[in-house]
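Chains as they are written, first to last, in this note's numbering: chain S, 1 to 198; chain R, 1001 to 1206.
Calculated directly from the structure, the hints in this document are not laboratory data.
None of the values given here were measured: they were computed from a predicted structure.
In this text, a Cβ means the ideal position worked out from N, Cα and C, and glycines have one as well.
There may be inaccurate statements among the hints.
[Unchecked claim] Negatives, chain R to chain S, calculated, CB over 10 Å: (1) G1025; (2) P1047; (3) Y1053; (4) S1155; (5) R1156; (6) P1168; (7) E1189.
[Stated by the list, open to error] Derived coverage of chain S by chain R (criterion: at least 3 residues anywhere in the stretch with Cβ under 8 Å from a Cβ of chain R; other residues may be distant): (8) 31-41; (9) 85-96; (10) 120-127; (11) 155-163.
[What the hints assert, rightly or not] Within a straight-line C-alpha distance of at most 20 Å, the following computed SDA-like cross-link-like pairs (lysine to any residue) qualify: (12) S:K82 x R:W1110; (13) S:K172 x R:N1167; (14) R:K1146 x S:F113; (15) S:K154 x R:A1166; (16) R:K1146 x S:H193; (17) S:K82 x R:Y1062; (18) S:K82 x R:L1150; (19) S:K82 x R:G1152; (20) S:K82 x R:P1103; (21) S:K172 x R:F1154; (22) S:K82 x R:K1087; (23) R:K1087 x R:A1015; (24) R:K1146 x S:S191; (25) R:K1087 x R:E1136; (26) S:K82 x R:E1070; (27) S:K82 x R:A1166; (28) S:K82 x R:G1048; (29) S:K172 x R:Q1162; (30) S:K82 x R:M1118; (31) S:K152 x R:E1114; (32) S:K82 x R:W1135; (33) S:K172 x R:D1024; (34) S:K82 x R:Y1053; (35) S:K82 x R:P1143; (36) S:K82 x R:A1022; (37) S:K172 x R:Y1053; (38) S:K82 x R:A1015; (39) S:K82 x R:R1131.
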Amino acid sequence: MKHVSKEISGSPNWLVTRFDHLINWARANSLWPMPFGTACCAIEFMATAASRYDFARFGMERQAFSPRQADVLICAGRLPFKLAPVIRRVYDQMPQPKWVISMGACASTGGIFDNYAMVQGIDTVVPVDVYVPGCPPRPEGLLYGVLMLHKKIKGESLALPALRDEQPLDAKGLRMPPDEIDEISEPFGNSVHQFRSS
Amino acid sequence: MNPSVDALRTTFGDAIGRAEAARDGETIAFVRPDRLTDVMRWLRDTPGQAYDYLVDVTAVEYRDRERALEVVYFLRSLERHADLRVKVELDPRGELAVDSVTPLWAGANWLEREVYDMFGVTFRGHPDLRRILMWETYAEGYPLRKDFPLRGRFSRAEQVRQALNANPEAHYSLEELSIAEAFDEVPAEMRERLRRGERGKLPFDE
Chain S
1 MKHVSKEISG
11 SPNWLVTRFD
21 HLINWARANS
31 LWPMPFGTAC
41 CAIEFMATAA
51 SRYDFARFGM
61 ERQAFSPRQA
71 DVLICAGRLP
81 FKLAPVIRRV
91 YDQMPQPKWV
101 ISMGACASTG
111 GIFDNYAMVQ
121 GIDTVVPVDV
131 YVPGCPPRPE
141 GLLYGVLMLH
151 KKIKGESLAL
161 PALRDEQPLD
171 AKGLRMPPDE
181 IDEISEPFGN
191 SVHQFRSS
Chain R
1001 MNPSVDALRT
1011 TFGDAIGRAE
1021 AARDGETIAF
1031 VRPDRLTDVM
1041 RWLRDTPGQA
1051 YDYLVDVTAV
1061 EYRDRERALE
1071 VVYFLRSLER
1081 HADLRVKVEL
1091 DPRGELAVDS
1101 VTPLWAGANW
1111 LEREVYDMFG
1121 VTFRGHPDLR
1131 RILMWETYAE
1141 GYPLRKDFPL
1151 RGRFSRAEQV
1161 RQALNANPEA
1171 HYSLEELSIA
1181 EAFDEVPAEM
1191 RERLRRGERG
1201 KLPFDE
């Protein structure tokens, strides 16, 4: 016994680190995604999860199909107004800490669907951390977004608890002032030239 | 030209309007709206016709405002391998209403709801005429009508507000889940939960 304890005392089995660093390292490398796949982006999302790209390599081993066990909500695809209260409820059910990735042009801006049925960017409904452009983005694109999210998480600090405050909807049932939503939703690019019939 | 058209003419006379060939070779027969149910029942039940399958119901509105809005019925006879399209013309400036064919083909239920949702056509005698694609409190009108603006009538902020305030569980009724018909077969505990209205309301509870 004496011999063993001597060996332990002489080995480097302890270390000193910043608490933030340790926590963020753990959080960033065990992100459990909650897939919210509504369109073709979800196909690329599945490819990202499958063996060739395999986002389990980045700690996303387990896809949480229950929002209560998820860390990052990945909205993969267009979001119609009819689904807006659904994604909001999924987001509300996720425990802190939580993050959101908006995957693809439609989730981020409404994409080519500048019409009566489509939310013009899911950031009018839930707060978004990383936007992944593309139509749909390749798996490399999504992985790059995930790595950006890692970077973002590693920059957070427990000394700023407000970062992890819940942001409930306001009295009107919106998450931002109406004129801001209108501004975000304004047509851009080609849809500027779309004319309204009437 | 599908021989059913001549048979229709001899049976219903002037209730059958013009008939034409569609671009894909199918025959389109125009029917007066007030005789639609009779014509459809005849097409379904007459042995030589036997159009037993209603493939689709849809509607067409043309940019030309003088032109009628058409409700289109795609009929198929599974035993005779024959197709027929039936159209009913409605005046878009008047009341958009036509008799429901749901009593003839149960499958018309959702198809007619979709036409109602998108075009605002009322189907008289439909058992459950509610919106099906848009949510039930949708207040902007009928999206596929020509006078409907592409981006909707309300501002984006108002659209987001109304969407977020909608109850996502209000869309599904027990009829839609087909539970009502199998009600006596579901487990007692589930029946009890349904009775309490845990999800929707039973149609025969009132």
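Hint check results:
1. G1025: Consistent with the label, G1025 (chain R) stays out of reach of chain S, its closest Cβ about 31 Å off (over 10 Å).
2. P1047: For P1047 (chain R), whose nearest Cβ neighbour in chain S is about 45 Å away, the distance exceeds 10 Å, so it holds.
3. Y1053: holds, 30 Å
4. S1155: violated, 6 Å
5. R1156: Contrary to the label, R1156 (chain R) does not stay out of reach of chain S, its closest Cβ about 4 Å off (not over 10 Å).
6. P1168: violated, 5 Å
7. E1189: E1189 (chain R) is indeed farther than 10 Å from all Cβ atoms of chain S, at 23 Å.
8. 31-41: As far as the region 31-41 of chain S goes, the hint is violated, because 0 residues have Cβ atoms under 8 Å from chain R.
9. 85-96: The restraint on the region 85-96 of chain S holds, since 4 of its residues have a Cβ under 8 Å from chain R and three suffice.
10. 120-127: The restraint on the region 120-127 of chain S holds, since 3 of its residues have a Cβ under 8 Å from chain R and three suffice.
11. 155-163: Since three or more residues must qualify, the claim that chain R covers the region 155-163 of chain S is violated, with 0 doing so at under 8 Å.
12. S:K82 x R:W1110: holds, 18 Å
13. S:K172 x R:N1167: OK: K172 (chain S) and N1167 (chain R) at ~15 Å, within 20 Å.
14. R:K1146 x S:F113: holds, 18 Å
15. S:K154 x R:A1166: Since the Cα atoms of K154 (chain S) and A1166 (chain R) sit roughly 37 Å apart, the hinted pair is violated (cutoff 20 Å).
16. R:K1146 x S:H193: Roughly 18 Å between the alpha carbons, so the hint for K1146 (chain R) and H193 (chain S) holds.
17. S:K82 x R:Y1062: Status violated; Cα separation ~28 Å.
18. S:K82 x R:L1150: Roughly 17 Å between the alpha carbons, so the hint for K82 (chain S) and L1150 (chain R) holds.
19. S:K82 x R:G1152: Status holds; Cα separation ~14 Å.
20. S:K82 x R:P1103: violated, 30 Å
21. S:K172 x R:F1154: Roughly 16 Å between the alpha carbons, so the hint for K172 (chain S) and F1154 (chain R) holds.
22. S:K82 x R:K1087: violated, 32 Å
23. R:K1087 x R:A1015: Answer holds: K1087 (chain R) to A1015 (chain R) is near 12 Å, not above 20 Å.
24. R:K1146 x S:S191: Judged against 20 Å, a Cα distance of about 19 Å means the pair holds.
25. R:K1087 x R:E1136: violated, 28 Å
26. S:K82 x R:E1070: violated, 28 Å
27. S:K82 x R:A1166: Cα-Cα ~8 Å, so holds.
28. S:K82 x R:G1048: violated, 45 Å
29. S:K172 x R:Q1162: Distance of about 10 Å is within 20 Å: holds.
30. S:K82 x R:M1118: holds, 15 Å
31. S:K152 x R:E1114: violated, 45 Å
32. S:K82 x R:W1135: OK: K82 (chain S) and W1135 (chain R) at ~7 Å, within 20 Å.
33. S:K172 x R:D1024: violated, 52 Å
34. S:K82 x R:Y1053: Violated, because 31 Å separates the two Cα atoms, which is more than 20 Å.
35. S:K82 x R:P1143: holds, 14 Å
36. S:K82 x R:A1022: violated, 36 Å
37. S:K172 x R:Y1053: violated, 48 Å
38. S:K82 x R:A1015: Not satisfied, since the Cα-Cα distance of roughly 42 Å exceeds 20 Å.
39. S:K82 x R:R1131: holds, 12 Å
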